[in-house]
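J.: Going down the list, the protein sequences come from chains B and D.
Its first residue numbered 2, the first sequence is counted upward by one per residue in our numbering.
Its first residue numbered 14, the second sequence is counted upward by one per residue in our numbering.
Don't take every hint at face value.
[Said to hold, decoys possible] Straight-line alpha carbon distances no greater than 30 Å define the calculated DSS-like cross-link-like pairs of lysine-lysine that follow:
{"#": "1", "chain 1": "D", "residue 1": "K54", "chain 2": "D", "residue 2": "K121"}
{"#": "2", "chain 1": "D", "residue 1": "K99", "chain 2": "B", "residue 2": "K332"}
{"#": "3", "chain 1": "D", "residue 1": "K121", "chain 2": "B", "residue 2": "K332"}
{"#": "4", "chain 1": "B", "residue 1": "K313", "chain 2": "B", "residue 2": "K156"}
{"#": "5", "chain 1": "B", "residue 1": "K332", "chain 2": "D", "residue 2": "K143"}
{"#": "6", "chain 1": "B", "residue 1": "K118", "chain 2": "D", "residue 2": "K46"}
{"#": "7", "chain 1": "B", "residue 1": "K156", "chain 2": "B", "residue 2": "K332"}
{"#": "8", "chain 1": "B", "residue 1": "K332", "chain 2": "D", "residue 2": "K54"}
{"#": "9", "chain 1": "B", "residue 1": "K272", "chain 2": "B", "residue 2": "K299"}
Hints listed in this document are in silico derivations from the structure and should not be mistaken for laboratory results.
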Amino acid sequence: MRRGRWILGAATCAMVLAVLIGFHAGSAQDGKGKKPPATPTVYSPYPSGILPADLESEIERVRREVNFIFQQALADWRALPPPNLTGQPPKLQGSGYDMVQTLGKLMNFDENISVFKNQACASCHMPYAGFSGPIPSVNLTMVAFPGSFHFRAGKRTAQRYTYSPWFPVLQFNETQALFFGGNFWDSRATGYLLQNPDAEQAQGPPVDTQEMGSPDTACIAFKLSQAEYRPLFEQVWGKGALDIKFPHDTEKICGTPGGAAVFGTDTMPVKLSPGDRTKANRVYDNWAQSLDAFEKSKEVSPFTSKFDAVLKSLVSLTPDEMAGYNLFRGKANCNSCHTDGRGTTLTPGQTDNSNVAVFNPLFTCFGSANEGLPLNPRNAFYYQTTPDFFGFTANPFGFAYRDLGMGTFLRSGFGSWPNPNAEWIPLAPTADGTFQVATARNVAMTPTCPPGSPPGCVACPTTEAPGPYFQKGFFHNGYIKSLKQLVHFYNTRDDPRFAFPVTSGHCPPGTVERVTCWPMPEVRNNIDMTTGQLGLTDHEEDLIVIFLQTLTDGYTKPYPNRNTFTGQCMVGGTAATQGNDSIIPTPPLPQCASAICGVAPFPTMPIP
Amino acid sequence: MNALLLTLAITTTVGSLLAFQPAAAQVLPPAKKAERVEITKGPELESATNHLTIIRWTTNNPGGSDVHYGIVHYGTDPKDLSQTAKNPIRLNQGHSHTTFRVRVYDLKPQTTYYYRVTSEESNGRSDGVKSTVRQFTTPAPGEIIVGARP
Chain B
2 MRRGRWILGA ATCAMVLAVL IGFHAGSAQD GKGKKPPATP TVYSPYPSGI LPADLESEIE
62 RVRREVNFIF QQALADWRAL PPPNLTGQPP KLQGSGYDMV QTLGKLMNFD ENISVFKNQA
122 CASCHMPYAG FSGPIPSVNL TMVAFPGSFH FRAGKRTAQR YTYSPWFPVL QFNETQALFF
182 GGNFWDSRAT GYLLQNPDAE QAQGPPVDTQ EMGSPDTACI AFKLSQAEYR PLFEQVWGKG
242 ALDIKFPHDT EKICGTPGGA AVFGTDTMPV KLSPGDRTKA NRVYDNWAQS LDAFEKSKEV
302 SPFTSKFDAV LKSLVSLTPD EMAGYNLFRG KANCNSCHTD GRGTTLTPGQ TDNSNVAVFN
362 PLFTCFGSAN EGLPLNPRNA FYYQTTPDFF GFTANPFGFA YRDLGMGTFL RSGFGSWPNP
422 NAEWIPLAPT ADGTFQVATA RNVAMTPTCP PGSPPGCVAC PTTEAPGPYF QKGFFHNGYI
482 KSLKQLVHFY NTRDDPRFAF PVTSGHCPPG TVERVTCWPM PEVRNNIDMT TGQLGLTDHE
542 EDLIVIFLQT LTDGYTKPYP NRNTFTGQCM VGGTAATQGN DSIIPTPPLP QCASAICGVA
602 PFPTMPIP
Chain D
14 MNALLLTLAI TTTVGSLLAF QPAAAQVLPP AKKAERVEIT KGPELESATN HLTIIRWTTN
74 NPGGSDVHYG IVHYGTDPKD LSQTAKNPIR LNQGHSHTTF RVRVYDLKPQ TTYYYRVTSE
134 ESNGRSDGVK STVRQFTTPA PGEIIVGARP
């Protein structure tokens with residue numbers, strides 16, 4: 002039972018350590034040798050135990066891994082053949098795909114893009130976790146990953162990159178009268194301009210106040226103009242693409258995190274000429290498109306799972322895997338939304354008899370749903386209620402914040418992006434509490450170390466206790482800690498013996514949270530009732546978990562860089578109670594803030 | 014075992030038919046609307062506690078939009094079912110039947126309620142099905158009712 006040693010407590014040590022290590026804000030200098038501003042103090046509004054005790058060392062561990070892959074990407078770039086731009090319209094004959102994907106890979110693992118040059122996109126999305134959260138203790142506790150300015154943090158789990166490029170541009174399908182597509186948990190990356198939601202998603206984190214933290218999208222153009230791989234950018238996107246006349250104070254501005262009081266409401270503090278602003282905007286679009294190319298490449302989304310091999314008749318599912326699959330598409334009804342590419346087959350009494358739906362088995366319907374997750378009081382977002390060194394307060398509402406997901410986005414509400422389609426605003430009440438249906442692919446991906454792996458590689462064979470396991474956080478708020486719990490939640494959420502009108506941490510005596518007690522949903526509007534009372538046995542739940550593990554890429558070919566994890570696996574306990582040591586009591590919840598739940602069009606039911 | 018082999022054969026056939034076009038991802042078109050939707054089981058009480066009551070019923074697969082709404086009209090007077098609760102469910106186009114489940118909140122304890130159920134597509138188009146009026150009685154404080162199961 003080693004798992005308890007890093008779970009709770011000792012967060013004070015983390016704080017002290019953080020202060021001792023100091024905050025290196027050297028990039029906030031203006032580049033002229035002037036005295037830098039006062040060193041920012043670490044932001045620590047958190048009660049003891051909210052941040053994991055190993056946070057600093059784990060951030061440093063991930064930084065080493067990120068830089069390892071960045072060096073690999075530099076080598077990939079240098080191994081590319083000379084570009085051959087030819088034809089009309091001009092194209093990079095032969096190497097265009099490799100070039101733009103390699104460029105995207107370099108960008109993805111480039112720490113210099115962040116405000117303090119200490120965080121890459123990959124810092125929250127590493128390959129061995131299916132490009133989701135790489136720090137087990139963060140997945141267990143604070144849910145969202147800390148940003149470039151320590152320790153601001155977001156409010157949701159880091160979504161997997163894999164297959165995100167396949168989500169269509171957010172649309173309200175008139176035939177279905179449903180939303181489909183977009184990226185991010187709340188679908189706010191619609192893709193309406195680039196016609197590519199995955200690319201527009203990539204434009205979020207660099208300027209997210211709690212993530213990479215740049216105060217202006219032009220900062221990304223500025224940093225790319227200084228990047229070692231600038232020549233590749235210009236080969237892909239055009240010579241002179243980065244020839245922008247940046248003002249002398251750009252370094253200083255781009256070394257100050259977004260949300261800083263000094264910026265007021267100015268979202269473009271880097272003062273560029275109109276022509277250069279247009280160029281910088283184009284660079285930011287190219288940034289997004291390059292990252293999308295990487296995420297769509299076989300290095301991220303390769304279709305190399307065992308399930309894919311079965312579809313190609315290369316192997317067969319084991320009896321347990323097949324039993325799990327039959328439950329997945331039968332009794333458990335998972336494939337009503339985690340669609341598996343199967344067409345409708347004729348069964349007695351059925352009204353539709355089409356053969357095969359010609360679409361990919363992506364295990365998502367691209368829709369959104371409210372699955373009724375309880376509020377997770379471990380989420381670091383709730384505690385960021387006071388101004389940080391820069392005068393920024395991430396969450397002035399504290400526990401009066403409610404995550405309405407897509408509903409808040411459609412209202413252009415707090416913590417989301419502006420909704421670019423006014424026709425959708427009236428639909429917000431039908432979307433309250435809904436979050437994107439993630440692909441089930443790679444939900445079970447964990448680090449492996451096949452022969453030839455780099456030194457220090459650590460393999461964690463599963464997501465499930467007793468392990469050795471790699472701790473993940475499931476759903477948008479990370480409340481669920483294992484796939485067993487995930488399936489059990491779908492199976493028993495509405496079981497009257499288990500559903501209690503309590504918040505997390507307050508289950509009645511004699512019950513076990515996540516096993517025989519499900520706290521009430523955070524948002525009770527629009528709860529999807531496809532699941533919640535499935536009647537699965539304990540063994541049937543296990544079989545579905547076994548099937549989910551066949552959706553992990555890397556079966557037919559090694560998954561690139563899945564062998565770069567150098568942290569520690571966890572061991573001990575059971576999958577059913579995994580992470581229960583980290584449950585804390587939810588404080589008495591104030592009424593939902595009017596700035597969230599009181600925005601027209603109002604929710605169909607008042608949200609407490 | 015034969016069933017397993019058959020399933021595998023179907024799976025592999027589907028795989029070959031898919032021809033694996035990664036760029037061909039698309040939103041699944043809605044299923045053909047059923048000519049007639051009938052309730053084949055229920056409606057009935059799935060469960061009742063002091064804070065939550067769930068009503069469930071099963072129909073043949075109604076087809077149409079992927080998301081349907083189950084709707085419960087209810088009240089304490091069988092002639093005045095003026096209160097409404099509704100929840101979405103997502104059809105499984107491969108299933109012959111569809112189970113609707115609706116959450117009803119904040120009912121009074123030890124009180125008899127009357128209800129009738131209907132369903133509709135996400136665009137509000139009715140499935141053309143309506144149950145007879147049924148009834149249930151909520152439990153006493155601290156008690157639960159475990160009703161119909163899957």
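J.: Failing hints, ascending?
T.: 3, 4, 6, 7 and 9
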